[in-house]
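Please put together the full structure from these sequences, using the hints given.
Okay, here's what each chain looks like letter by letter:
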Amino acid sequence: MSVLGLALRSLWHRRLIMGLSLLSISLSVALLVGVERVRDGVRSSFSGSISKTDLIVGAPGGNVELLLFSVFNIGSGIGGIGYETYERIRAHGDVAWAVPFSLGDSFRGRRVFGTTREYFEHFRHHGDNALTFQAGGVFESPLDVVLGAEVAKAFGLKMGDQISLEHGVGDSSGFSGLKHDNARFEVVGVLNVTATPVDQSVYVSLAAIEAIHAGWEDGAPPPADEALDASEVLQYALDHGEPEVISGVFVGAHSRLKVLSLQRELVQDADEPLLAILPGVALAELWKNFGFFEQALRLISILVMAVGLSSVFGALYASLAVRRREMAILRSLGAGFSQIASLFVLEALFVSLVATALGMGLVYFALLVGAPLLLRETGVMVALTAPGSTEALALGLLLVLGTVVGFIPAVKAYRTALSDGLSVRL
Amino acid sequence: MTERPAIQLKNAMFRYSSADQPLLEIKSFSVDSGEKVFLRGPSGSGKTTLLGLIAGLHQVNQGEVLVLGHDLAKLSGAARDRFRGKNLGYIFQMFNLIPYLSVLENVLVQVGLSGRMTAQTVGQAQDLLSQLGMSQWAKESVSRLSVGQQQRVAAARALVGNPGLLIADEPTSALDYDARDAFLDTLFSLCTKLKTTLLFVSHDPSLQKHFDRVVELSSINSAQPPSGRVS
Chain A
1 MSVLGLALRS
11 LWHRRLIMGL
21 SLLSISLSVA
31 LLVGVERVRD
41 GVRSSFSGSI
51 SKTDLIVGAP
61 GGNVELLLFS
71 VFNIGSGIGG
81 IGYETYERIR
91 AHGDVAWAVP
101 FSLGDSFRGR
111 RVFGTTREYF
121 EHFRHHGDNA
131 LTFQAGGVFE
141 SPLDVVLGAE
151 VAKAFGLKMG
161 DQISLEHGVG
171 DSSGFSGLKH
181 DNARFEVVGV
191 LNVTATPVDQ
201 SVYVSLAAIE
211 AIHAGWEDGA
221 PPPADEALDA
231 SEVLQYALDH
241 GEPEVISGVF
251 VGAHSRLKVL
261 SLQRELVQDA
271 DEPLLAILPG
281 VALAELWKNF
291 GFFEQALRLI
301 SILVMAVGLS
311 SVFGALYASL
321 AVRRREMAIL
331 RSLGAGFSQI
341 ASLFVLEALF
351 VSLVATALGM
361 GLVYFALLVG
371 APLLLRETGV
381 MVALTAPGST
391 EALALGLLLV
401 LGTVVGFIPA
411 VKAYRTALSD
421 GLSVRL
Chain B
1001 MTERPAIQLK
1011 NAMFRYSSAD
1021 QPLLEIKSFS
1031 VDSGEKVFLR
1041 GPSGSGKTTL
1051 LGLIAGLHQV
1061 NQGEVLVLGH
1071 DLAKLSGAAR
1081 DRFRGKNLGY
1091 IFQMFNLIPY
1101 LSVLENVLVQ
1111 VGLSGRMTAQ
1121 TVGQAQDLLS
1131 QLGMSQWAKE
1141 SVSRLSVGQQ
1151 QRVAAARALV
1161 GNPGLLIADE
1171 PTSALDYDAR
1181 DAFLDTLFSL
1191 CTKLKTTLLF
1201 VSHDPSLQKH
1211 FDRVVELSSI
1221 NSAQPPSGRV
1231 S
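As given, the protein sequences belong to chains A and B, one line each in that order.
The first sequence begins at 1 in this note's numbering and counts up by one.
The second sequence begins at 1001 in this note's numbering and counts up by one.
Simulated from the structure, these hints should not be mistaken for lab results.
All clues stand as given, with none of them false.
20 angstroms max Cα-Cα, derived SDA-like pairs, lysine to any residue: (1) B:K1139 / A:W12; (2) B:K1074 / A:L418; (3) A:K412 / B:A1078; (4) B:K1139 / A:G5; (5) B:K1027 / B:Q1224; (6) B:K1086 / A:V3; (7) B:K1074 / B:N1011; (8) B:K1139 / A:R9; (9) A:K153 / A:L373; (10) B:K1010 / B:K1074.
Just so we're clear, the structure is a prediction, and the values are computed from it rather than from any experiment.
Written out as structure tokens, the structure reads:
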């Protein structure tokens, strides 16, 4: 019987108490890795919410507010900018493309994003992913609507369904209760899941936004007799075309090198006060606000791991008294320090190893089952990738600490065995 | 048989710490190779400590302890452990066995630890178990054995791999009268067959008739009996 065999048999002998320690470390490994995976997923989902857009231009306000409003559907409007500003931006030599957008209405709590057909051409998320349709395509008529994946799913909407929009954004300020029920929009396209706020958005043309607000210039609905009916809305949209005021513009530059000078020029040369932000910078700034949350999650998982390790330590240490006789026997049979120490260290290492494997298995199984659900419910895309460097470091540390944890009782056991010699009395 | 004694102590002195009185001071004590010696002494007279010195678990403060021709003081701690694993068999008074191993595994644990697990030693372990009437228990858990059966398993373990010296510390004190005699008889015949030197320690004078030689610990130990220290 080798020392490893002895260690495993001894471990099996005390399987109940060591099993509890094993379970506790497995869960802490699962928690640690799970938290890291989700954190990673949240961050990459979040920072990939918009990409390849060099500038977002809007009315003056905070950088983060403009980003939240234009990309994350959060917050109420920060004021508008003139349509001619958009036209001037588009005419700038360094601008490759510019897409205007107008926000402020909602559909059952989901934001309505008024924009142009070019939006679907230029919008990118998570690197170079363009928007794709699971059904239909981009709107053609002012009374067409394109739905984000989650909106279609949540309300069971399909191609050809008719919906009407609501005035105002139904968030903390509350749904205004005012409906644009004079116009019925037909679903002509449903987007694929993107794991971005796009999934929760409803897309119509700028002309449609303009038309359903005809007569709402003072912010209140027009008297019933003056309100346009459905056919008049369509006609109004076709006649008037573009709105006078929009919420902002997404801008792509010809060259990334020109972005900073473009940002400066656009803001300085405008007839009205403007704010132009670099989405990447604003995203990073915003993510920093969540830093404490990340740290808290990490701290919790480290603490859980410490609890797991101390339970192994406790179980090993508590076993010393019971195993005192065993150690005296092994000493009389010629076991030296290295063999006695190996018994404890191997045991601790084995428990840590199995716990790590079990915890990893648990978390990847949970992700395999839970990732689609998580994506659907929260829009967080957790990739089933290999553990990152943080996890590798943590797991390596766990194994090292597991060994150390075994070493302390090992030394104690050997010292006791030395002084006991052959005369342990039980 | 070789000329050299199996055990030889010369001017050996031992105390647990320098503040203590010496527990053992043995001018001269030796056991010849192949001899069966009964070492007698009351509880607390230092018998187990003397066995610890011979087994290399304790170190003399002065003098020499030679076991099978090796001066234990000249070996490193790890070398003494290896020496004990290969050359000594040891039987405790009771609780000799590792609770989580089967009977056969217990018999083989010493040769396993000293890297001598071969088909030959496994075969010998099975032979010894059958000579001790324990072969039908080989695969059983040791917790199901009576004390007498446990002592027989311990004897098998102490003899497997043919150690030069078998040390037995009151191995029969937990046995009843009949079991005791049967155990002694078997142990003797096995030691004779394997030419193993036996140092047998007990406080019970009724056993001494079986042995080649009887040594009273007080007659070789000139240290004053300790007042408080046990064994």
